[in-house]
Amino acid sequence: MRGRSHEPIWWSLFGLGGITAALFAPVMIFVVGIGGAVGWDAMTEALAHGEDGIGALLRHTPVRAVLGLILALVTVHAAHRIRHTLIDLHVHAPPAVLIVASYGAAAVVSALIAVVLALF
Amino acid sequence: MDGEVLTQPVFRSLGWTWWTKRPSYALVFLRETSSVFIAVQVVLVLVLLHKAGQPAADYQAYLDFLWNPGMVVFHVVSIAFALLHTYTWFNLLPQTIAIRVMGRRIPGLLLVAPQFGAWAVVTGLIIAWVWWVGAG
Amino acid sequence: MSTAIETTIKFEVFRYQPDWDEPTYQLYDVPYREDWVVLDALNYIKDTVDGTLTYRWSCRMGVCGSCGAMVNGYPKLTCAAFLSEYMPGPIRVEPLVNFNVERDLVTSIEGFMEKLESVQPWIIREDGATDDLKSEYLQTPDQHAAYQQFSMCINCLLCYAACPVSSHSDEFIGPAALALAQRYNLDTRDEGVEQRRDVILKDEGIWECSFVGECSAVCPKHVDPAGAIQQAKMTGAIDYYRRLLMPWTVKS
Chain G
1 MRGRSHEPIW WSLFGLGGIT AALFAPVMIF VVGIGGAVGW DAMTEALAHG
51 EDGIGALLRH TPVRAVLGLI LALVTVHAAH RIRHTLIDLH VHAPPAVLIV
101 ASYGAAAVVS ALIAVVLALF
Chain Y
121 MDGEVLTQPV FRSLGWTWWT KRPSYALVFL RETSSVFIAV QVVLVLVLLH
171 KAGQPAADYQ AYLDFLWNPG MVVFHVVSIA FALLHTYTWF NLLPQTIAIR
221 VMGRRIPGLL LVAPQFGAWA VVTGLIIAWV WWVGAG
Chain V
257 MSTAIETTIK FEVFRYQPDW DEPTYQLYDV PYREDWVVLD ALNYIKDTVD
307 GTLTYRWSCR MGVCGSCGAM VNGYPKLTCA AFLSEYMPGP IRVEPLVNFN
357 VERDLVTSIE GFMEKLESVQ PWIIREDGAT DDLKSEYLQT PDQHAAYQQF
407 SMCINCLLCY AACPVSSHSD EFIGPAALAL AQRYNLDTRD EGVEQRRDVI
457 LKDEGIWECS FVGECSAVCP KHVDPAGAIQ QAKMTGAIDY YRRLLMPWTV
507 KS
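Residue numbers (our numbering), protein chains in the order written: chain G, 1 to 120; chain Y, 121 to 256; chain V, 257 to 508.
Looking at chain G on its own, in the form it has when it is part of the complex (with noise of 0.2 Å):
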């Protein structure tokens, strides 16, 4: 491979993480964030603690899994904007320590959602 760039993964993740973002951040801050919180009774009930509310929402493990990975994706996406935003600001680091600093970050960040969610 020659020096050749490894980048390919991370752009790869980036595009599928891009996407998934696009779907499904909006939609997912309005429900977390602003739906129960201005008075939509439904939407609060839906976020209540227990199997009447999240515990519903969360009840089958497709739908677990399928939220990981879409939580886990969209945290590699956003992992590789900020590295290459912190390089187009001049920010002068050695290239493996933002690799690190940043997908590192994004795998522990993935690691306690797989943890969380498979202990639900």
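These aren't lab readings, by the way, just hints derived from the structure by calculation. Computed from a predicted structure; not experimentally measured. Beta carbons are placed, not taken as given, at the ideal position from N, Cα and C, and that holds for glycine. Please note that a few of the clues may not be correct.
Quick list of the computed label-pair ranges, beta carbon to beta carbon [stated by the list, open to error]: (1) V:Gly384 / G:Ala93: 41 to 47 Å; (2) V:Ser407 / Y:Ile226: 18 to 24 Å; (3) V:Thr444 / Y:Ile226: 17 to 23 Å; (4) G:Val100 / V:Val305: 56 to 62 Å; (5) Y:Ala248 / V:Ser407: 47 to 53 Å; (6) Y:Leu213 / G:Val108: 26 to 32 Å; (7) Y:Arg220 / V:Ser364: 34 to 40 Å; (8) V:Glu382 / Y:Ala238: 22 to 28 Å.
Now the stretches of chain Y that chain G is said to cover, found in silico as 3 or more residues with beta-carbon under 8 Å [unchecked claim]: (9) 194-202; (10) 222-231; (11) 236-250.
Got chain G; can you put chains Y and V on it based on the hints?
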């Protein structure tokens, strides 16, 4: 004089403040900044999922935090950034994918419009599903 | 023209000579003419006010690509920047950013020439036949159309002056050279994809690009280098995974 050239070039960079220099740059910078807000929202959801497995009082305390007026303002700002991400992401696809049919690039709208259609369907279905669970 | 008082427009021109410590801005009053472009004003200054002003130009019709400069902070061909768009002024003219300035508005293009050469922007044949052409290489209009847009580049380098990545990376191959690489990679007569691969697919090739897209916005020839680079990323990513997952399909 002969051969001795006094050349000391100066390098002038666009600089790290490039995003302040034109509206088009600023829009790109906001597009990139959307990732920070989206990342924070993912972490908020992660904590929510964690708290959902805790006693009801702990969970309710987190919901109260998540839904206090200051945080709602933050969510509204976040959703604006998320929508900017959606809008710019869909619109940049035709530059990334050049599909040629009968020797012509297919019009960008044919690549962009289905994405907005899919977005509307996904958003509608998820809100309907959550509403159905909450109301039912 | 009547004898009425002439409208003038103020110019602030970046000045730098190699034996100066610091660059400076020099002010000139230039008569306003509706049909003048910034290049006409520079020629007026040089011919009638200050013969020491140095800048490149040749065709004055948007073909040669040599008269690029920052006009009020925006990379433009000075031969295509009408004074009327900037009235009442002032107009600040500076050398293209992200390049070394040799003298006044003249930048050094050596770095770019090296990058351009590194992508081998010419038709490569595996049998070396272009050295000794004996036959034509036929191409249909559709095949020509596939790369035609990327072949319109006049190497004016406005795209480099617009690029935040070029502002921090000397090594980044950059918009124009990558668009030309893509132009030849898409040409059905060319067989040089393999030879260009190592230059294009390294970090300093396409992967440093963060798709700001301003290169395409400032391009006077509508080349869309940003699009060329994204398309090369798509091809490059597919190529990467093919080598990783199906190495036996890759000829070496």
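We went through each hint and held it up to the structure:
no., hint, in the structure
1, V:Gly384 / G:Ala93: 41 to 47 Å, "44 Å, holds"
2, V:Ser407 / Y:Ile226: 18 to 24 Å, "21 Å, holds"
3, V:Thr444 / Y:Ile226: 17 to 23 Å, "20 Å, holds"
4, G:Val100 / V:Val305: 56 to 62 Å, "57 Å, holds"
5, Y:Ala248 / V:Ser407: 47 to 53 Å, "50 Å, holds"
6, Y:Leu213 / G:Val108: 26 to 32 Å, "31 Å, holds"
7, Y:Arg220 / V:Ser364: 34 to 40 Å, "39 Å, holds"
8, V:Glu382 / Y:Ala238: 22 to 28 Å, "43 Å, violated"
9, 194-202, "holds (count 6)"
10, 222-231, "violated (count 0)"
11, 236-250, "holds (count 7)"
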